Every structure is written in structure tokens, then in C-alpha cells.
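Visitor: Here is how the chains run, residue by residue.
Number of protein chains: 4
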Amino acid sequence: MGIVLGPNRYGKAQTRVVRVDRDGDRHTLRDLNVSVALAGDLAATHLTGDNSQVLPTDTQKNTVYAFARRHGIASAEEFGLLLARHFVDSQPGISRARVDIEQYDWRRLGPHSFERDGGSTRTATVRYDGDRAEVIAGLSDLVLLNSTDSEFRGYVVDPYTTLPETDDRILATAVDARWRYAGTAPPGGFDAAHAAVRQALVDAFVGTYSRSLQQTLYAMGERVLTDRPDVVEVRLALPNKHHLLVDLSPFDLDNPNSVFVAADRPYGLIEGTVTRDDAPPELGQW
Amino acid sequence: MGIVLGPNRYGKAQTRVVRVDRDGDRHTLRDLNVSVALAGDLAATHLTGDNSQVLPTDTQKNTVYAFARRHGIASAEEFGLLLARHFVDSQPGISRARVDIEQYDWRRLGPHSFERDGGSTRTATVRYDGDRAEVIAGLSDLVLLNSTDSEFRGYVVDPYTTLPETDDRILATAVDARWRYAGTAPPGGFDAAHAAVRQALVDAFVGTYSRSLQQTLYAMGERVLTDRPDVVEVRLALPNKHHLLVDLSPFDLDNPNSVFVAADRPYGLIEGTVTRDDAPPELGQW
Amino acid sequence: MGIVLGPNRYGKAQTRVVRVDRDGDRHTLRDLNVSVALAGDLAATHLTGDNSQVLPTDTQKNTVYAFARRHGIASAEEFGLLLARHFVDSQPGISRARVDIEQYDWRRLGPHSFERDGGSTRTATVRYDGDRAEVIAGLSDLVLLNSTDSEFRGYVVDPYTTLPETDDRILATAVDARWRYAGTAPPGGFDAAHAAVRQALVDAFVGTYSRSLQQTLYAMGERVLTDRPDVVEVRLALPNKHHLLVDLSPFDLDNPNSVFVAADRPYGLIEGTVTRDDAPPELGQW
Amino acid sequence: MGIVLGPNRYGKAQTRVVRVDRDGDRHTLRDLNVSVALAGDLAATHLTGDNSQVLPTDTQKNTVYAFARRHGIASAEEFGLLLARHFVDSQPGISRARVDIEQYDWRRLGPHSFERDGGSTRTATVRYDGDRAEVIAGLSDLVLLNSTDSEFRGYVVDPYTTLPETDDRILATAVDARWRYAGTAPPGGFDAAHAAVRQALVDAFVGTYSRSLQQTLYAMGERVLTDRPDVVEVRLALPNKHHLLVDLSPFDLDNPNSVFVAADRPYGLIEGTVTRDDAPPELGQW
Numbered sequence: 012m013g014i015v016l017g018p019n020r021y022g023k024a025q026t027r028v029v030r031v032d033r034d035g036d037r038h039t040l041r042d043l044n045v046s047v048a049l050a051g052d053l054a055a056t057h058l059t060g061d062n063s064q065v066l067p068t069d070t071q072k073n074t075v076y077a078f079a080r081r082h083g084i085a086s087a088e089e090f091g092l093l094l095a096r097h098f099v100d101s102q103p104g105i106s107r108a109r110v111d112i113e114q115y116d117w118r119r120l121g122p123h124s125f126e127r128d129g130g131s132t133r134t135a136t137v138r139y140d141g142d143r144a145e146v147i148a149g150l151s152d153l154v155l156l157n158s159t160d161s162e163f164r165g166y167v168v169d170p171y172t173t174l175p176e177t178d179d180r181i182l183a184t185a186v187d188a189r190w191r192y193a194g195t196a197p198p199g200g201f202d203a204a205h206a207a208v209r210q211a212l213v214d215a216f217v218g219t220y221s222r223s224l225q226q227t228l229y230a231m232g233e234r235v236l237t238d239r240p241d242v243v244e245v246r247l248a249l250p251n252k253h254h255l256l257v258d259l260s261p262f263d264l265d266n267p268n269s270v271f272v273a274a275d276r277p278y279g280l281i282e283g284t285v286t287r288d289d290a291p292p293e294l295g296q297w
Numbered sequence: 012m013g014i015v016l017g018p019n020r021y022g023k024a025q026t027r028v029v030r031v032d033r034d035g036d037r038h039t040l041r042d043l044n045v046s047v048a049l050a051g052d053l054a055a056t057h058l059t060g061d062n063s064q065v066l067p068t069d070t071q072k073n074t075v076y077a078f079a080r081r082h083g084i085a086s087a088e089e090f091g092l093l094l095a096r097h098f099v100d101s102q103p104g105i106s107r108a109r110v111d112i113e114q115y116d117w118r119r120l121g122p123h124s125f126e127r128d129g130g131s132t133r134t135a136t137v138r139y140d141g142d143r144a145e146v147i148a149g150l151s152d153l154v155l156l157n158s159t160d161s162e163f164r165g166y167v168v169d170p171y172t173t174l175p176e177t178d179d180r181i182l183a184t185a186v187d188a189r190w191r192y193a194g195t196a197p198p199g200g201f202d203a204a205h206a207a208v209r210q211a212l213v214d215a216f217v218g219t220y221s222r223s224l225q226q227t228l229y230a231m232g233e234r235v236l237t238d239r240p241d242v243v244e245v246r247l248a249l250p251n252k253h254h255l256l257v258d259l260s261p262f263d264l265d266n267p268n269s270v271f272v273a274a275d276r277p278y279g280l281i282e283g284t285v286t287r288d289d290a291p292p293e294l295g296q297w
Numbered sequence: 012m013g014i015v016l017g018p019n020r021y022g023k024a025q026t027r028v029v030r031v032d033r034d035g036d037r038h039t040l041r042d043l044n045v046s047v048a049l050a051g052d053l054a055a056t057h058l059t060g061d062n063s064q065v066l067p068t069d070t071q072k073n074t075v076y077a078f079a080r081r082h083g084i085a086s087a088e089e090f091g092l093l094l095a096r097h098f099v100d101s102q103p104g105i106s107r108a109r110v111d112i113e114q115y116d117w118r119r120l121g122p123h124s125f126e127r128d129g130g131s132t133r134t135a136t137v138r139y140d141g142d143r144a145e146v147i148a149g150l151s152d153l154v155l156l157n158s159t160d161s162e163f164r165g166y167v168v169d170p171y172t173t174l175p176e177t178d179d180r181i182l183a184t185a186v187d188a189r190w191r192y193a194g195t196a197p198p199g200g201f202d203a204a205h206a207a208v209r210q211a212l213v214d215a216f217v218g219t220y221s222r223s224l225q226q227t228l229y230a231m232g233e234r235v236l237t238d239r240p241d242v243v244e245v246r247l248a249l250p251n252k253h254h255l256l257v258d259l260s261p262f263d264l265d266n267p268n269s270v271f272v273a274a275d276r277p278y279g280l281i282e283g284t285v286t287r288d289d290a291p292p293e294l295g296q297w
Numbered sequence: 012m013g014i015v016l017g018p019n020r021y022g023k024a025q026t027r028v029v030r031v032d033r034d035g036d037r038h039t040l041r042d043l044n045v046s047v048a049l050a051g052d053l054a055a056t057h058l059t060g061d062n063s064q065v066l067p068t069d070t071q072k073n074t075v076y077a078f079a080r081r082h083g084i085a086s087a088e089e090f091g092l093l094l095a096r097h098f099v100d101s102q103p104g105i106s107r108a109r110v111d112i113e114q115y116d117w118r119r120l121g122p123h124s125f126e127r128d129g130g131s132t133r134t135a136t137v138r139y140d141g142d143r144a145e146v147i148a149g150l151s152d153l154v155l156l157n158s159t160d161s162e163f164r165g166y167v168v169d170p171y172t173t174l175p176e177t178d179d180r181i182l183a184t185a186v187d188a189r190w191r192y193a194g195t196a197p198p199g200g201f202d203a204a205h206a207a208v209r210q211a212l213v214d215a216f217v218g219t220y221s222r223s224l225q226q227t228l229y230a231m232g233e234r235v236l237t238d239r240p241d242v243v244e245v246r247l248a249l250p251n252k253h254h255l256l257v258d259l260s261p262f263d264l265d266n267p268n269s270v271f272v273a274a275d276r277p278y279g280l281i282e283g284t285v286t287r288d289d290a291p292p293e294l295g296q297w
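Chains as they are written, first to last, in the numbering used here: chain R, 12 to 297; chain Y, 12 to 297; chain W, 12 to 297; chain C, 12 to 297.
Don't read these hints as lab results, they were simulated from the structure. Since the model is a prediction, treat every value here as computed from it, not as a measurement. Hints should not be assumed to be uniformly reliable.
Identical copies look the same in the list; a pair holds intra-copy or inter-copy alike.
[To be verified] In the EDC-like style, the derived pairs of lysine to aspartate or glutamate whose C-alpha atoms are separated by at most 20 angstroms in a straight line are:
no., residue 1, residue 2
1, Lys252, Asp238
2, Lys252, Asp116
3, Lys252, Asp275
4, Lys252, Asp241
5, Lys252, Glu176
6, Lys252, Asp34
Chain R extracted, bound-state conformation (with noise of 0.2 angstroms):
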């Protein structure tokens, strides 16, 4: 009955970059924040403090500034894959990484202005294992409301039900998505991939008439597979962001679905997985 080190992986997060292009008086943005995460031969640090084999998140830092500058910022995906096969191919002692970005998107106002998009966050997933990576797109906070077209009815009763059916109610979600691509190069390259994901998920979710948050939940998915043959899988967590009718009868008012509250706890919380079935295995867990 020994004691081991299991599963173990170290890394630097949340490093904050920030590129600009010029093309004379007209600048882009890209702004990430990057997180890296590596795993290997890595038990004598655990076990005695040798760091022969670590690549200090320190360096990891450096690498992530350094290659915003050399190579560019493409897309976030592509930095990301840049990244982590540079950790993998270079260093004996790692063997798999993981790169977490998530994109603060920017409108513009002027060649050089720009007004930060606050809706919801671009986010990537790469991993590599030295010989295959995995590219997982996704967004998160992408708020979104159907003021009509839903209903709750024909749900299980118990002793603890108190819940009225509804056939008329708002259904709201905070969406947070992630999406695996079958290779690591989409069809018109990763930010019109992105942005044809995005408008999926949102088409799904304004079209389709709904009887729980897991029937939209499901429409979203099998939209954004139908729309795009370069993804195999998509995940789904959709809170479901309550609005409660307000009884106003005490006040000799009624309510025809006029005013409502926003609550906050507890919520309703949605999660599915939509995939091909012929999807192949992922390298890991998202």
C-alpha cells in the first residue's frame, strides 16, 4: 500500500498580451490571456526537489511575449498550437501541453481607437502530446433571452413539486460553448470558423421553439455540426438565468407577463454534449 505522485501538471496562467499591427495609420488588436499548462517527467521535483526537468512558468512568460513579437498572433488558436508544440518539441522533460486562451474582442471607432467588445469571451483550447493536436474553440457569457416561444410542461411531479407549468415563459442563458475541430486548420481559417460557430449557436437559439433548456440545448449543437463539417463535437453548459412573474395581486394588479425578476440564486444549470458519431477519441479532457 505505497503512496505515489499520480497525474500532475504545472504551468504559468493568465499571462496578459496585448499585440498591435500597424498598416500605416490603421492598427489591429489582439488581446489574450494565455495559460499554459505542461506535464512529463516531472516526479523528482515532487519527490526531491529537482528541478532538472522544469521549465520555469517564469520562462513559459517570456516564451509567450517573445512569440507575440516572432511570430505574430494569427488567431488565438494558431498562437496557441505555436505554443504548445514549442513547449513539447523543445524540452526532453515535458511531453504533453495545454494552452488555454481566452479573446477580449475590440470594435472599432477610428484607424487607432478601438472600444472593447464586452459581450461574451473567445476562448481556445490546444493540446498537444508530441505527435497529435487538438484544437477546442469556444465562448463564453454570450447572455441571450426569448422574451416568448417557451414552455414547461408534462415534467415529473413528486411530493416536493410545487412548480406551475407554464406555457409561456422567458428563457435566458449565459451560453458557454467549446467545440472540437476535426484537424487544426478549418475551412476560411479559425476566426471565420469562430465567427460561423458563433452566429449557429445564436440562429439555434433565437429559431427554435422550445420545451425545456435541453431541447434548445440539443437544437444549438446539431445546428452548429449541421452548419460545419469541420467540427465533430460541441459543449453545451447553459444556466438557465431565471425570470420569475412577480405576483402583483396584492397590489390589485395583474401581470400578463410584463414584469418580472432577474434572479441570480439558485439557477438551473443545462449540460450536454452534441457530436458526430463518428467523432474521434479526444487527447484529453476539456
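Take the given structure of chain R and dock chains Y, W and C to it, following the hints.
Guide: This is chains Y, W and C only, laid out in the frame that chain R set:
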């Protein structure tokens, strides 16, 4: 040397109310976070726990919902005026009310579908003392960035100075603005007035060649007062969201304003007021 | 009807400084978050971008670190006094300084080992105008709860009232307190004074049978002024962290003050000042 | 190449429940944040919106409150076990349940008065598949610091290395720990087991001369497994809360490990598992 009760107030903070209006199939949303604070003859509850002059904060919350149904929400400012006047005019023990509102905007995706606009938050503060009402509109978290046309030179040098002068830097900030209207009915209405002030702030930020963030601040406030005769005073708080040029020389790389660290803390904070010299006195602190 | 510059200030916010002192093997920590705001003859930088009176915020940050080394950190308050006096006394263009400090406390685990005390944060605000200095100490996020000895009855009933009276409820709050000292050297020093005021606040909360949160607020302020002659004024902001009794009757269960929802929003907010009737005027807003 | 539903689950997140127990005048508190996730035969709701197998998340919330009254909260873990078993055993369509609980601790101030202990949060995760139940206890945000007895040397040097070696640094982290029990009834009960594991983690952090944070991580996990035969596996995530020595040489000051910047981002993140070599397989991902 007695101990006495000084200034005091109480109220319900952060009542979240969403009002949906229907024009056939086409819906519109108002999404507000309403905080009420009341002051008046409240010594008894403090000194003896006699609550006979206390309108419970629970009742204030109910009033927000009932008013949203009964009167609708023409704008955050008008809703605040209705509430502030109601509490003071209906409660003998209450002589002053302050209503603070945050409005969350949604972009239309369809006749009854919306995406939360995650950028800046609109704010409104209404004060009423039984006689005069005052409306202060505002916005927070409007994040703007110029990637050039900003310098910082000619400042005081003392024994603790290490900052080098620069004639080209990124200037970025998260605008927190509050502006006071001359009356309670700006020409064109509160929504149009808010949009126009927002545009003036953005235009001035974009169009100002900046020698200091203070200079940009003044230009922003001045632009609002020039464009909008109905505004008498503008207060701005501008954090300097530092983008620090990375030293890449250890890696034999140059860095001609290309790669930056987006830093969190510490940050410069520039606060200032731009006002008409004949602005009427305000009812209270902002 | 000219446009003019009104009140303004600038400074470096949130400089995080940790000072370690060694007495042989035994170390002590001071862990501060320091924000500086300066005001004075700053019209030129606003109007023309002339920075000749501007001490850069970067220099302010450097000064915080250099002073931590040169003078040590006897207490947050004394460190704030040193900094505020330095900026005003050494800079001809600066006539007023405000230093805001948060102190994070650590519990000792060993001679040089510590656990962060995640409870309330200690605060200190120092103002100096070249002549007089003012010290306001405080704390935030001190979360207290009495599970009985609280009632709420006899309040105003209006058409929007639905709240039932109660003679036994949970009373919980997150204390935000600020108190102003008579001078800049309370007997026993700032650390002991802070501990004593904190204890007085807690004792009064615990020991007061509460008919309203306002009554508890006044009792807390009064206790501080009674116990500490060196304190001239206390300001308290007490959110009412509502614990709502759950209606379990649909499940044939009683609920004799047994099971509660800890609610987030909305919440009551009670704010008040307790002061000596001969308190000297303050230097500025808190 | 069909499109299919993959792994999915749903539930109610963040139900906040406080239970007060009375022993005469002396009260005790349990303050929990409960999240439920259920999985099973849920294809119909995703594919067609048929909710006949869906127990609404609202009902799950009700169950949390009803169980808190009916069964009490002996410990977070036992409460989670009751809930997980209930959902699976009572619902034909549900085959697996996961219950995640955060417990907020309160220090006693009097017979019915408490102060929220703002330090680390206790966590519990229970999984049940109709056959086997698994309990994973944990804690988060336990912030620990050693002001010496930490070095970092002998690491890989590559072209992006700039970090100097050090033989004396501050080592600080915010411990996030999860440990899996061998069964569902640790000797002495869950509360005592939790306290003992927490103490083992703290003791190992304090007592380990650290050559890397990885070494400290392993020592912490090993100590838990050595002290507690009822624990089979420990997972730790340790952010390296960097304290950077300030360069004071521009001000003619030395800095012998005296004044530090407490940095926010980026940060190192060390994650690892320490396990018994005969640990039984786990029911699911943590």
C-alpha cells in the same frame, strides 16, 4: 459632550426588475437594477427601535415591481423620478429620497429575441427633497483604447522617479461618467440624451491627441457640455489601464510598440469635474 | 456661461506592498494595498497637457515601496500619514493628499509561517492639507449573525406592504465601519485602537436585542464612542443579509425558525453616523 | 455520420440553505451552498422536448430545503449522501447524481451569535450511481505563506530564461484541495476527518523546506495519506502567489528580502495528485 445621531438613510438595494412590452409579436425590454435610499425623521428607530416612521425596505421592493407594472418604464430616469417622488410625497416621515438605477442594455436579435450588450452599463441617479428633483445620468465600464496619439512627458522628476518619458504609448481607460441635467426633461427625452452624451465622450476620447489622461478627461467633459446645453456638469473617473511595453531585448527581439502587458494593478486613477460656471448647486453628494 | 475645471485629483490606486520584518527566526508581516490621490494646482495638465506640476503615478508607486523599506510600516495609519505628508510637503504643486489603505491580516502558524485571515479587511484613510492631518480607520466585510433576539414590528403599512411582522428572526450583516480619530496618535497606538473599536462593534452587535437594524447600528456606534474617547465619529453601512424562512407547508413540514434561505439580492441597506456633538469638522468627504 | 446526444446532466446550482438548531439558548448553524446534477434517461427532453423523465430543478431546490428540515444537516457530506441517494432511488429516469456542497463556517461569539469565518471554504462532492456512493471532501482558498525556507534553483535554462535562481524567497499559495475517502463513514465522522486533513495540509506546508512548489504539493498530499488511512487520494491545485522582491537600487536602498510586490497575474499554477497505489477506481471525474 453628548453622543448624537448624525446623517443617516436606509433603503432596499439592488431590486432586479425586467419589464417586457409587447407590440404584437415585437417585444421590447427594460432591464434594471434599482436601489432606493430614504432619509427623514428616523431618530426613533435608531434610538429606541420604534419603527412607526419606517417604511420597510420590503415594501420599497414591492413598490418597484408594482410601479413597473402600473406606470411602465419609460426610461431609467423617469422611473427613478416616479419612485423618488412617491416615497417622499406619500410618507410623512420621509423627506428625501435617492434612487440609483443601473440599466443593462440588450441588442435585438429578432422580434422577441435579444443578446445582452455586455459593454458599458447605463446609470441614473435621481434625488428628490419634496421640492426639487435632480437627475444625474451616467455610464460605467466603457472601455476605450487609442493605440497611438498619446504621449507623457515633461512631468515632475523627484528622487523616486524611474519612469522614462514617452512620445507614443497606448492610452486605455474604463470610463466612469456621471452628468447632471439642468432639469428633469432634456429635449428629445432621456434615452436620446444619454446616447448623445455617450457619443460625445467617445468622440472626444478618439479625437484628442493626449499629452496626459487629465487632458483627455477635460476634453471629454468639455465636449459633453458643448454639445448638450441641457447638461450642467460632468464628472469623470478614468483609470489608466496601463499597457506596458515588454522588454524583449534578452531574446534579441526589438519591440517597436508591438507587444504589451495589459496590467491589472496598480493603476493610475484620474478623477475630475468639468462644469458650467453658472451651474446651479446640487441637491446632494453624487 | 463658460466651461471650467471643477474639483479634481489623481493618483496611483492599489499598490500592493508586503513588508517582512525579521527578529532572528521570527518574522512579522504587513500586507497592504495602498491608494494615493493628490490634488492641487493641476489646471495646466487638464487644459493644455502641460505636466510640469504632475508627479507621475508611477513615482507615487515607487515612493510607497521605498518608504516601506526606509521607514517600515509601523501601522497602516502611520504609513499613510508618512506618505500623505511627503507628497504635499515635497511637491509645490500638490496641496492635498489622501491615502487609502487596506490591510490584510495573517494568523501566525509558526515563526515564519502564516495563514491569511480571510475575515474582515482593515482600512485606513489619511487626509492631509499641508496643515492638518486626519485619520479615519475602518473595517469592511465583518459578517455577523444573531440567530435570535431580533424582531421587526410596528412599521408603516401602506398599499404596497406585504411583509408580516415578526418577533423572532435572524439578523445578519456585513459590517462596513469607518471611525475618525480625534488626533493622529490614539493612546496605545493605532493597532490597539483598531482592535478595541472592532471589539466594541462586535460586542454591541451581539449584546443588543434588536427591534430594527437601525437600532443595532446606533448601539454599535454609541458603544465605540463610549469606549474610546479618542474617536469622535463613527459611520456604519450595514446591509441586511436577509435570511428568509422557507415555507415548507406544501411538504407537510413545519419550520419553527429552523431552515432559511440566505438571500443575495435585493437587500436592505442601513447607513448612519453616530457622532459626538462637539466633533471637529472633517477635512473632506469620507 | 449521424449527430447524436453525448454525455449530459442537469440540475439546480447554488441553493443556499441555512439550518439553525437550538439546544435551549445555545444555537448551532450549518450554512451550505448546494448544487445538484442528475443524469440518466434524458434523451427525450433533448430531442423532442418530452419532459416526462425530467424532475424539475425547482423540485430539486425544494427537496434541499425539505431535507434540511426533515433530516437535519449532520455534515455537508452526509447531507449530500442523503440527497444523491434520494434522487436516484426515487426517480426511475435518473441513474446518477452528483451533489456539490460548499460549507461556510462561522465562529461562535455567544450562545446565538456568530462571526463568519472568511478563510477557506469547505467543500464536499458526493456521487451515487444507484449502487456505489463516493465522497470527496475538500477546501478552497486556504491562503498560506512561508516567508523563508523556500528556494528555486537548478531548473532548465533555455533561450527564454531570465529568472535568476534564488535560495530564499517567499512561498505563498491559496490551497485548493480535494480528497477522496475510502468509504462513506470515516472514523470519527466527516467533521473530524475534515479538520484532521486540513491540519495535515497546513502542517506539511509549514514544515517542508521547499525546493519547488511541486515538492511542497507532494509533501502535503503524502502527509494526508500518512495521517489518514481513510483517505485514498488527494488532489491539490496550488497557485504560486508570487511575491516579487522590489528593486530599490534606483533609490539607493537595499532590499534584503524586506519589501515585496504581491502580484496578481500571471501566476504559476501547480496541480498534482498523490494517491495510494491500491486506491479503488473513482466513480467519475472530480
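Visitor: It remains to establish, for every hint, whether it holds in the given structure.
Guide: These are the hints, each one checked on the structure:
1. Lys252 with Asp238: neither (27 angstroms within a copy, 40 angstroms between copies)
2. Lys252 with Asp116: Result: close only across copies, 16 angstroms inter versus 24 angstroms intra.
3. Lys252 with Asp275: both (7 angstroms within a copy, 15 angstroms between copies)
4. Lys252 with Asp241: This pair counts as neither: shortest intra-copy Cα distance 31 angstroms, inter-copy 38 angstroms.
5. Lys252 with Glu176: Within one copy only: 17 angstroms inside, 32 angstroms across.
6. Lys252 with Asp34: neither (43 angstroms within a copy, 24 angstroms between copies)
Against the hints set out earlier in the document, violations occur for numbers 1, 4, 6.
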